[in-house]
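Could you build all of it, start to finish, from the sequences and the hints given here?
One letter stands for each residue in the lines below.
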Amino acid sequence: MPSEAVMDVATDLSERAVAALEPRIESFRAAVVAAEEEVRTEVVRRVGEESFKTEQALIELGPFAIGRIDPERFASLMGIGDTSLTPDAIDVLDRAERVLKGLGSPSVRHTVDVEPGGDLRDAVKAALARFGRAFGAARAVELARAGAFEPGEHGALLGALPFRLWNRAERRLAPPLVVRTRGEDCVPAGLGEFLDGNVALVLLPEGPTTPAPLARLITPGTFVMQTADPDDLMRLRGTGHPAVALLFDQDRPGQAYFTHDPDGGAVPWDRLSVVRIPSDDDLGRGRRASAGTEELAHLRAMATPATGEADPGPSDEVESLFGDGPDASVDELAAWLLSRTDLGEE
Amino acid sequence: MSGESCGLLHAARDDDRVFDRVDYEGPVARWCSGCGDHSVLSAAQRLLAEKQLAPENTVFVSGIGCSSRFPHYMKTYGFHGIHGRALTIATGVKLTRPELDVFVVMGDGDCISIGAGHWVHAVRYNVDMVALLLDNEIYGLTKKQTSPTTPQGYKSNTQPRGSYLPAMNPLEATLGITNASFVAQTAEWIPAHLFATLKAAYEHSGFAFVRILQRCPHFTADIFGEAAKQPDRVEILEGPGGIRVEALDAIYKNKVEHDSSDLAHARALAQDMTAIRLGIFFEDESRPRYEETRSIPQHSAHEKMELLEKEFERYAV
Amino acid sequence: MAVKLPTVGDRTPTDQDVTTYTVDDKSVEIVSDSGEGAQKCGQIFGAVSAKMGNGVWTVEIIPAEVEPPPRNPAGASGIRVRLGSEPVTNWGDETNLVIAFNEQALLGRHRLNALADDATILIENMWATHPDPEIRDQWSAAMEELSEKDYRIVEVPMEDACLDVVDNPRRGKNMFVLGMLAWIYDRDLELCRAQIADAFRKKSPEVTERSHRLLESGYRWAGEHLDFRYRIPTMESKREMVVMNGNEAIALGAVAAGLELAAMYPITPATSVSHMLGDVFERFGGVVHQAEDEIAAAGVSIGASYSGKCAFTITSGPGMALKTEFLGLAIMTEIPLVVVDVQRGGPSTGLPTKVEQSDLLAAIFGQPGDAPHVVVAPATIEECFHVMTTARRIAEVLRTVVIVLSDANLATGVAPYPRPLLSAEWQSTPPDQRPIPEGQRPYDWDPDTGISRRFIPGQLGGEHTVTGLAHDERSKVAYDSAVNVRASTMRSRKLAAFQSTLRPPPVNGDEHGDLLVVGWGSTKGAIEEAVERARREGLAVSSLHLTFLSPLPPGLKEIFSHFTKVMTVEINYSDELGDPFITEQNRRRGQLSWLLRGATLVDVDCWTRVLGEPLRPGKILGAIRDNLPKGGSA
Ligand SMILES: Cc1ncc(C[n+]2csc(CCOP(=O)(O)OP(=O)(O)O)c2C)c(N)n1
Ligand SMILES: [Mg+2]
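Chains as they are written, first to last, in our numbering: chain A, 1 to 346; chain B, 1 to 317; chain C, 1 to 634.
It is possible that part of the hints are untrue.
Claimed, not checked - Derived CB-CB ranges, DEER-like:
no., chain 1, residue 1, chain 2, residue 2, range
1, B, H299, C, D117, 53 to 61 Å
2, C, P205, A, I66, 42 to 50 Å
3, C, D446, A, G264, 54 to 62 Å
4, A, A30, B, R17, 24 to 32 Å
5, C, E94, B, H299, 44 to 52 Å
Unchecked claim - Derived PhoX-like pairs (lysine-lysine); straight-line CA-CA distance at most 25 Å:
no., chain 1, residue 1, chain 2, residue 2
6, C, K476, B, K75
7, B, K229, B, K255
8, B, K310, C, K238
9, C, K203, B, K310
These are computed hints drawn from the structure, not numbers from a lab.
Cβ coordinates follow ideal geometry from the N, Cα and C atoms, glycine included.
And the structure:
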């Protein structure tokens, strides 16, 4: 059991992580709230009494119309040709609105705890799927408004929507998460599939981990950071890329500190700024140490400039060439550089 | 090219669709058989598929003329406007909805005669869109009247003894307009070149003006109809910033070396109307774009009303 | 008769010598060569008076020539300020008090019959003793000419007096004049100082400071030398007021209405709207586009409206002519559009700076083909603000063009009105981007109202091409009779449906009587003032003011039937019976009277003038007296 003091440190760190993610949290929430307002207005309008429409016409026409235009009659001209919604569709809107309202509340927490013995990836997946209800609700609204909502086929949209099913635009609106782990369970290799769009994950281990758990998540388009300084998390605000950061609860000799920023340059060694890569000696022994050796080798390979190559230019196309491990990455980089020599083909 | 698509409900509609050329095909085009407009239509549909443009976010605007029927044959949004004024409508669309992809289709009478004023200014505004001039050197729809680009001496129903004046040179004129950022010429009877040019025009950020030499089998068959049979009359511009279509090398052997950033050389090349020169004459993406020079803040209705209250302070007594 | 008042050094009038007249209504003019600051002086005077609780209407006097030579009757430039103890709705009749910087500018006003026969004139007298003999001669000749009338002329050594406080009296004489006016009308000096500071806030503090000294000096001079003052009772106003001209009101109204794009090409007297918008619109997220011509301005606004924003374009007569084809397109494609026409005198370039109401029929019927749309005319500066919200909403609900007819009188008149209570609901919602359900068509005309739902680019499933060619519900080009009849009917039905929401206009005065005066647009204030005066004389006259000109409101025929005679009063041309060749049948009538005769089959007469100036209530009163049916109650 962690002592009380340790608990306090953890709470403090997770609060700071949430603070660093604030703009992303806000923009997700703003999108949810805006959608919720739009849906609510529509529901009210649809089920509202005629007098509501008259009131609306009166306001929208403004003072110039007073005494000149009969608002009740004018109201009857408004909304003609608008899709009329069936009671079932209105019901879908109503339910979706409640989902959105719940997720738009400022009290919604973006912090996730990995249960003892639980799996980091599963915890993240479940949390994202819960937030995904917002996207599911929005889709249900769109279907209902278009008269295409089939309860059998689409009913699940109002439940959870797994990340796998989020589309490009939804991924760009993704909510950020702060994930608390114990340390030994901080095995983020499986998180790669979530690093897309605007996803930002901050991992907070409450104990020792391997030296560079995030090394394997580095791809040219992903912002990846390991640090023990909570202030560094503010850098997450500046990046427009999917991001994952690991904030150690304390400084230990075997931890690697680095930042991989996609905007840093075209080649890995320009994007990667290393504060510390521990020597293999710092790792101690055992299973963790041998995993660590591999991670560090990967990091070192990326941090070392390949010699004798010209500036390869923009890196948009390299995305898929990475991620297969350190050796592969260097080889593929070379292959890619070669491929750029006959640019004239394009 | 996506702007304000940031809402949740909007995101819900992004359905990872994949578009095929047929997804852009409207009803069967009712131009005469042999009309060059068919070829431009196919090239445009191919371009949209290549670029995977969502049909609902793409707008084709045209004026009046045979060529201006174009939007009707596309399955995108379209605006078949009035004679000569397509560019003004397109400017309005793009100024308010920059995230939409806008293409403008005009005839030679449409653009160079009645719409000449708008053409000059649209080039200068340099608003991001693709403008296609389908130049058959005659008024097609109204049945063979002289157009500004009709060759001197060419007989028409309005000038039966032949056009009195030298033809207007749309390339030279466009290249002379301040702030022109993309000027190209292609021919509809060379589909590969046409496609490559449209693609370059689309990829250009700014106002891309493309003059497309277009056959009219009825009224000017002896102009481009003949030219199409004589590849040796065609000269292809090649060089830095240009387009390169290898497949054409076997047929079109005349090449002109040209750097598309060289405006003076572009003007010199454009001057000679006897040669049929195809390619990108000029491109400069650094030219100011009208819509970008005006950064428009976004405000909610309530914020606007607060600002308006402040404005009223100035008038309060 | 020129009365020479004691000048500096003579006996100072004591308080007992000063007579204070209490009046309800007073018009003041300040006239000068252009560039001498008369307008600034009048604006500050007007603003101070409004703040003190007087009704105020100010209007600039614009010289007939662009760069007139100095000291020339054609160059008279300046401002008229009409004050009242109640709200002032128009520029009034002749001027009662004139302050002239030179006798030639004064002559210009005299020759235009702008001055009341018994007007009091305060005039700079340095010209009388000018070293240039020619100027001295001009002065004497002018005094001779002015003596035709019973003016009371008071010579004031303005520049001389200014020299006491400043080195160069040429600059700042207008503030001395403001001081004189402040004394004559007993204006609050603190308010004057504050208003001056505000007017010169963009200049160096010295300018304000010098102006304050000149103000005090003028005030002192008047107190020492004049023997008359005026008191215009003020009224309590609980509501906060704002003061501006009609063009400024339209500009702010456009912002309030949530219009998002204004496209225009400069043209008097509409231009100042775009100046104002250029200043403020972008801060609200709007775009002001100065197009290459009026046609392009219409095209750009239609393109913007088509894209789901609501746009407007603003112009004057010549520009309206150019936009005509585009208006037809907007009506045919059913794209909402607000068009503001600030009318000037016409035809052609006409009278660019002067008021006329002669675009009415062109606005309603001026588009080739049958092109039903809405035409509405604000009557006051306050309405210029509010009309924009209503116009926009109508344009969007009906998917059609709404033309707002303002004019040079509203454009340049400045008056206070209650500060609007703004509503965020006037603003636009973002473009509708909901997918279009299967089977819906871009012109699914509701058979009862002709209204259909607008499809906007970006809406999935709504892809279609709008066209100015005849088209069916799917927007497919169709030349067959059935479609053309149906589409024409549907476009017209929208107007009928809208007409059914209009209420009959209220009659000003009794609902029965001898004469009903019908007006529209900016003449409302002058007409109602004239009717008020006529009724006080015991004449059985009422008036009716039309706001919607297309469609016309219901009930007109019924209202007309309660009067022996119906007559429009308008600022546009009509033949006079008695003119050569003119008969009852071939007479070309005022434009509203054409319209009303056609709509009601009532024999509506007209009284119209094209003087290039707003109607004067006194003149309308004269017309009312002249046109009362024989055997009336008077
Ligand atoms: C204001 C106006 N003037 C004239 C016309 C008649 N008109 C329609 S198309 C056209 C010329 C068409 O020639 P062009 O623009 O070269 O197009 P093409 O038919 O050759 O493709 C003319 C004069 C019109 N529709 N509107
Ligand atoms: Mg042509």
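Here is how each hint holds up against the structure:
1. Between H299 of chain B and D117 of chain C the beta carbon distance is about 55 Å. The supplied range of 53 to 61 Å therefore holds.
2. Here the CB-CB span from P205 of chain C to I66 of chain A is close to 46 Å, well matched to the stated 42 to 50 Å.
3. Evaluation of the 54 to 62 Å hint for D446 of chain C and G264 of chain A yields a pass: the beta carbon distance comes to about 59 Å.
4. A hinted range of 24 to 32 Å holds for the C-beta pair A30 of chain A and R17 of chain B, which are about 27 Å apart.
5. Roughly 48 Å separates the CB atoms of E94 of chain C and H299 of chain B, a value that falls within the hinted 44 to 52 Å.
6. Using a Cα cut-off of 25 Å, the hinted pair K476 of chain C and K75 of chain B holds, with the two alpha carbons roughly 13 Å apart.
7. As the CA atoms of K229 of chain B and K255 of chain B are separated by approximately 18 Å, the hinted pair is consistent with the 25 Å bound.
8. In summary, the hint linking K310 of chain B to K238 of chain C is supported, as the alpha carbons are separated by about 20 Å, within the 25 Å threshold.
9. Restraint check for K203 of chain C and K310 of chain B: satisfied, since their Cα atoms lie roughly 22 Å apart, inside the 25 Å limit.
Of the numbered hints given earlier, the model fails none.
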